[in-house]
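*Asks:* Mind docking chains G, Y and A on chain L? Use the hints.
There are 4 protein chains.
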Amino acid sequence: MAEPLDKEQVQKLLDDSPYIGFMKLEVISMNLEEDKIVIRMPMRAEFERRRGTGQYHGGAIAALIDIAGDYALVMKVGGGVPTINFRVDFLRPATNTSLTATASTRRLGRSVAVVDVDVHDDDGKLCAVGRGTYSPNVG
Amino acid sequence: MAEPLDKEQVQKLLDDSPYIGFMKLEVISMNLEEDKIVIRMPMRAEFERRRGTGQYHGGAIAALIDIAGDYALVMKVGGGVPTINFRVDFLRPATNTSLTATASTRRLGRSVAVVDVDVHDDDGKLCAVGRGTYSPNVG
Amino acid sequence: MAEPLDKEQVQKLLDDSPYIGFMKLEVISMNLEEDKIVIRMPMRAEFERRRGTGQYHGGAIAALIDIAGDYALVMKVGGGVPTINFRVDFLRPATNTSLTATASTRRLGRSVAVVDVDVHDDDGKLCAVGRGTYSPNVG
Amino acid sequence: MAEPLDKEQVQKLLDDSPYIGFMKLEVISMNLEEDKIVIRMPMRAEFERRRGTGQYHGGAIAALIDIAGDYALVMKVGGGVPTINFRVDFLRPATNTSLTATASTRRLGRSVAVVDVDVHDDDGKLCAVGRGTYSPNVG
Chain L
65 MAEPLDKEQV QKLLDDSPYI GFMKLEVISM NLEEDKIVIR MPMRAEFERR RGTGQYHGGA
125 IAALIDIAGD YALVMKVGGG VPTINFRVDF LRPATNTSLT ATASTRRLGR SVAVVDVDVH
185 DDDGKLCAVG RGTYSPNVG
Chain G
65 MAEPLDKEQV QKLLDDSPYI GFMKLEVISM NLEEDKIVIR MPMRAEFERR RGTGQYHGGA
125 IAALIDIAGD YALVMKVGGG VPTINFRVDF LRPATNTSLT ATASTRRLGR SVAVVDVDVH
185 DDDGKLCAVG RGTYSPNVG
Chain Y
65 MAEPLDKEQV QKLLDDSPYI GFMKLEVISM NLEEDKIVIR MPMRAEFERR RGTGQYHGGA
125 IAALIDIAGD YALVMKVGGG VPTINFRVDF LRPATNTSLT ATASTRRLGR SVAVVDVDVH
185 DDDGKLCAVG RGTYSPNVG
Chain A
65 MAEPLDKEQV QKLLDDSPYI GFMKLEVISM NLEEDKIVIR MPMRAEFERR RGTGQYHGGA
125 IAALIDIAGD YALVMKVGGG VPTINFRVDF LRPATNTSLT ATASTRRLGR SVAVVDVDVH
185 DDDGKLCAVG RGTYSPNVG
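Protein chains in written order, with the working numbering: chain L, 65 to 203; chain G, 65 to 203; chain Y, 65 to 203; chain A, 65 to 203.
So here's chain L without its partners, still in its complex pose (with noise of 0.2 Å):
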């Protein structure tokens, strides 16, 4: 395994993926005890889902589910770590606000990791729930 990573080089892959960069995420906070990662997502225009409602649509939150999640690992293992699957259950629209996720790893296993995924408003309300199934290659 790889050593963990700090948060100045995991916001530098973020801003590294011509993906996860044009959706200008940032490391909000980081805690390699806990296996926690917040990560923000503003809100920008491409990513409404119909023109003048200011609602997400719901791909962008399942997009940032996806890499919340990864991250709870590779700020861990340090480096590469693909999705096997995951789920999303929205709960709320999420509208006129920008978007926090909250990913804790629920266990690392050498070939396995599961990590779940909590998304937030600005006002603090749960929009969106994920839970995803990785390859961490460890050991």
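It should be emphasised that the hints constitute simulated quantities derived from the structure, not laboratory data. Treat the numbers as computed from the prediction; the structure is a model and nothing was measured.
Capping the alpha-carbon separation at 25 Å, the derived lysine-lysine pairs in DSS-like fashion look like this: (1) L:K100 <-> Y:K100; (2) Y:K88 <-> A:K88; (3) L:K88 <-> G:K88; (4) L:K76 <-> L:K100; (5) Y:K71 <-> Y:K88; (6) G:K100 <-> G:K88; (7) A:K189 <-> G:K100; (8) A:K100 <-> A:K71; (9) G:K189 <-> A:K100.
For each label pair, taking beta carbons as the anchor points, the in silico distance ranges come out as: (10) L:G118 <-> Y:G143: 34 to 42 Å; (11) L:R108 <-> A:S93: 50 to 58 Å; (12) Y:K71 <-> G:G143: 43 to 51 Å; (13) L:K76 <-> A:S93: 52 to 60 Å; (14) A:R108 <-> Y:K189: 26 to 34 Å; (15) G:K189 <-> A:K76: 32 to 40 Å; (16) Y:I92 <-> A:S93: 38 to 46 Å; (17) L:K88 <-> Y:R108: 52 to 60 Å; (18) Y:G173 <-> G:L96: 23 to 31 Å; (19) A:D79 <-> L:E90: 55 to 63 Å; (20) Y:G118 <-> G:Q73: 56 to 64 Å; (21) G:P146 <-> Y:G118: 38 to 46 Å; (22) A:G116 <-> G:I92: 44 to 52 Å; (23) G:L96 <-> Y:D187: 51 to 59 Å.
All residues carry an ideal CB built from backbone N, CA and C; glycine is no exception.
*Replies:* Chains G, Y and A only, in chain L's frame:
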């Protein structure tokens, strides 16, 4: 329940959404009797996982799956259909290719519908599969 | 919406179901304010994956998750709540132990509810996690 | 990778498991080329959701799905295949009927396999669909 939509109406709905419009999705075919819709997504620079690889980020594939599943229902019920949840399994990397999503409704109930989505690359290889639950609110 | 149930009423509902009664589930605690219920399942010979291992088959754990998630809602809305779908992730084998499922409602909407379930063994190790979507049909 | 199994070997593995043996599952057909297995589950009193209804509890259907998905791989790789996770969607109640699960492998990778399972009643109606991820540990 509203009237079913024709291909031009569905294409216009896709184009009018800022999120979906950015993805430049194209309706390839629709079959209302078989509850099936085929939607194509071309590669674009902002979908790339890591610069120079030509490989899609999973977030773009997940969004394609959510949308294709949704429109298998939208074309039938004629309006907005919220996603309750969906699951994506990534089977193979998708590199330097467009992606074609084939969405098939497995069950269209009054309050819940289930749709399966297969995503193939230009060589016909299955890259990802999705399964979504939606709120058609018919009847 | 019907009246919430007390612990004895929930236990009686569990016992009266032929399927659940066979599993001998026991309500350990209920908290209507926190939307949380804890249910214990003892090992029995018919749950064993392979003879002589003392290890639960995943099917028994999946059923426990579905039921615990369901009863986090049943205790609240006072009646039958159909499962729309659920997902189970198996994290560690569960061997020679009873299992304790803690179900927490993440969102109780009018037509859809989402519940998370954690399953621990007698040593407090997390063996499986579940997430279910249900039709509470309230309001 | 071990040798593929024949139908009698698979049936014996099912019967030898205390959990699966109790469910009295029967292998109806196997097709190693198409990666497909069909398994039938007869109704029994302990599967009933509520006394006198003749309706299956979802837990029994979920267990059938997990097992059918697993054995689509077991027949191929010749040994135990742990489930990583699975999802079940319930489409229609199953009442006074046996259930037939058709499991089809969508992808058999070295470390992860994905299998789809459709569950029909005796009238051929689709009652539930499942999708599971497994660890075949081949190669």
